[in-house]
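Residue-level listing of the chains:
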Amino acid sequence: MLLLPRGFSMSKSLSKRFLQLSVIHLLLTAACITAIFPVARVVSISFRNTDTVATSDAFNFPPRGEATFGDYVEFFSQAVIPYELFEVKETPDTTVTVVEEDPILVDPDDPFASLDELDAVDAPRKWYSNYTDLFTKHLFAQWIYNSLVISFSAAFIGVFLAATAAYAFARFSFPGKKLAGGFLFTTQMIPAPMMIIPVYLVVKSLNLGNTYAGLVLAMSVTTLPFSIMVLKGYFETVPKSLEDAARVDGCSPISAFFRILLPLSTPALAIAFLFSFTSAWTDFLLASTLIDDVELRPWTLGIMEFSGNFDARWGLFAAGSVVIAIPSMMLFLYSAKYVVSGLTLGGVKG
Amino acid sequence: MEITVLPAISELLLLLLILAGILATGIGYIWLNYKIWKYPFYLPLTLLFGISLGGYTYANGASQLAAAFFGTIPFLIGLYFKRGLKGDFKSSTYFLAPAVIGVIFLFLYPLVFEFYLSFRDLSLRTFSDWITTGHVPLADNYGLSNYIEVFQNRATGQSFIFVLWRTIMWTAINLFFHLSVGLVLALLLNAKGVKGVAIYRTLLTLPWVIPQVIAVLVWRADFNESIGFINQFITVVNQLFSFEWSGNVIMPLTWIGFEPKAWFLDGSALFTAACIVNIWLGIPFMMINFLGALQSIPHSVYEAASIDGATWMQKFRHVTVPLLKPVMVPASILGAIWTFNNLNVIFLMTDGGRYEGADILVTDLFKQSFTYYRYGFAAAYSFVIFAILCILTVIQFRVTRPRHASTT
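Here the protein sequences come in this chain order: A and B.
The opening position of the first sequence corresponds to residue 1 in our numbering, with each subsequent residue numbered one higher.
The opening position of the second sequence corresponds to residue 1001 in our numbering, with each subsequent residue numbered one higher.
Read the hints as simulated data drawn from the structure, not as lab findings.
Values in this document were obtained by computation on a predicted structure and should not be read as measured data.
Just so you know, nobody snuck in bad clues.
A short, non-exhaustive set of chain A residues, derived as facing chain B with CB atoms under 10 Å:
# : residue
1 : Leu-27
2 : Tyr-167
3 : Trp-299
Chain B regions said to be covered by chain A (calculated; three or more residues, Cβ under 8 Å):
#  : region
4  : 1005–1018
5  : 1092–1104
6  : 1200–1213
7  : 1237–1249
8  : 1342–1351
9  : 1368–1376
10 : 1389–1395
For every residue, glycine included, the Cβ atom is placed at its ideal position computed from N, Cα and C.
Just chain B, same shape as in the assembly:
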């Protein structure tokens, strides 16, 4: 089949046009601000400019929120110029302008919009109305019903507490295995006299460098209950370790749950499979981190410890762990946030949410918005998740900070 080049080029031209327009408007506005900010009617003028911009967006069919947002932003920038920019900040403002414009358009406004949506009833029923007129009705209970529904009425039929519990389990299990296996592998690679570290390290980083979509989908193919490799492997290994006892075939590995499963139909098996895949994916990142930190520990520290008669265990406990902490703490915080927010693995393992039983908060959120089209509900839901994440991060900082300070 032939590649069609032209549509992409025209799309890119459109993109360039949009970008140039945004940039020119933004920089022009800042230039204007610098020219006139000592003028006594400066603030009323920017206010007037903002009101007219908001009125223009509203007249073009945008929502009241967008009109209010784009009406307020010019005034806020004017206020910032009047109050904040007393000295020589001219060049810093110009350098910040592109990123600030990007963040305002594609980050701040969507965030504000989402906050607005969380009090509105935007679902499939009201969606076409919103597209044509820009009007979204207020949700029940003075707009709070979305937040109430997060804890009560959920289309997926799984209670919020249960999904939250599963998410915490998911984060804890994954983080534990990432950290422990990553640390063990790094220690093995760093052991004295091991040859071929470069080869081992390259091979062990493969799970991290292979595109995630491909890796997870290969695993999904192998978890298929009838044709996949995993079930066949389990059957064969069980057979290998089986023995006969008074006429019955006994497979000791099945006692600990090592047996063929319908991986996608059984919810807990699906969750296990997703955990296995994510553990496999996440170990190399921790391994590389720890290996870098281990290699930077000077050998003389260990020699001094062995002169003092420290055993292998004592060296690990009193030399390696304290020196690894500066790497371990940020890596584990980062890893916890990533795992908590990891949508990709479960989304792909459940075939875009088609299989039930392994949803964590973020995949549930995605499903609520793009399978059930409950946008208003999902907006409220996402703010609840964000609040939980903030609380967890604060707790994690509280727990890790003092210990970290006392050891160093």
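Next up, chain A with everything else stripped away, as it sits in the complex:
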């Protein structure tokens, strides 16, 4: 609530100001609700034991005339609050007669076939079952591990390439410098699928399809222009006299770069690393074209598999999303500020 000023009186300007402020807060709150809503949805779905996004199979809202205010409130709260957490379920009847079923034909290509069998002979589900299923019945831990390995190596290679190139751009003049800068700017305009087709074909023809090596190499150059721009801007702010002093003391240019400049520019390196890391961490396009094996998938492909059109498992999808989203959102929130400033900086400088 708004705190009223100390000498508050219902004078005309003050009440107008109060009205203004409350309208602003109302609008901002509405915007916040819109922004949070899908996040709240995903959390609430993750605790539901059904494979659908709805609370019940049939949508039964009381018809016109019968619906009370409470019904409307219940409708909205059911969408975002996982009531399963609070309701005490009756213990299921343990003396269920086992029905003899016809043996289901197992499709050998279906990655979920063996897991479906596991599902059939299972203990009663708890409110956290979606989360435990992710790690016990699916390869989710493997997928996260894969993503970490891919993203870290892509970011390391990308930042290394960018740092050395940015140093050359910031400190030395060489013929063709302007041309190279313009080339870097135009690369940002190239549509992603335009590069994916030839990169896919080149990687396939080098026999690097379905390996991390091909994927990491292809990813490491995608963020190169951004990283070079950020690092170049930062290197230019570091005084050249520091390196000159080191050079006078008998340091080679290469060791001056690695020993003097790189330790001084950790903030910019961190931004470039974070940007490369997050773009590799959330990439699914390159991975979906290059990676075939279930064991080699990054988490994005795994999550897309859960949300597939015909056998969607929204409960698993939501649980996986929550597991991934919490650390990534914290990381992104921390880095958002810097990355935004870096992006517009690149745009201004052209």
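Fit chain B to the supplied structure of chain A, relying on the hints for placement.
Below, chain B alone, put in the same frame as chain A:
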């Protein structure tokens, strides 16, 4: 399930091996160049080196294009050393070498290869032939048939002009809402006396910091026509705002199209849904940008304006907008390019292109290459898209530059 660690480690070792090989070759070649570039037979030697490298790649089953490319590159580098590097550029060359090698292998060569493919007939029919022998037949009409087909024969059954029009609509609608809503939110956050800006800002940036895959897929779940939240929400809200008029139930919101839809089966509804999702995703970026710019405007400027008797509207028009322009112009250009190239949202909303009716140029391109396997056609298509993008960027620069210069 247990995590298998070993395959990843061995893959990484392979990667390191490849990288070390590439780096050693590149730096070794540059070192060699520096050692001998004053030698009179320098250029013939690099030419010979290039020819033998190209011949080696060709003998190993690569295409003629790859052979020509890798045969020419050493010669070009030699030429650059001979003509360009007259002074002391030694250290800059070494520092540039890793990035240049990466760009040549993973950017320039694929680009050249794509240009070559755009005149060739590489499709599912000729793909296995290409994998085994490296031979791709020339497309009809002296290789130009791919470019002709872009405008005529398209497997998706949607004309090029129509998809282009939809892409322009997609860019315009998204950019308009991103800029306007982002600006309004930034102005609200920057208003005098608003408490809790930090909390609001953190919550409002959520759509931008949540991984895009997750956000779009959650929206897709909620747009599901039978179990999703959106249709239920629309039904309930319509019921809330309905009234009876001479025995008929009237829902005024349905008059403006606010009614439950089969979001994925109806093409225009799917496009609307994709627009809604992308608008939701893109607003925070603009908001953060504008908020940063607004906070950097000193208060004294507004005070001076109010002393001169400027109204709220005049202050916005003559103080805020001109001072925001240096941020607004690059942000809108960047936003336009990103939205034009935004494959993720529509790709995920249409379930990898399974639902028709919302394709923009880039998703259509992806579909042509990875659903219909028309690689040659897609290569030509992508160059057409790139040309359009270049033209649009030039127009945008022309439109925004002079005004920007006149106001400041």
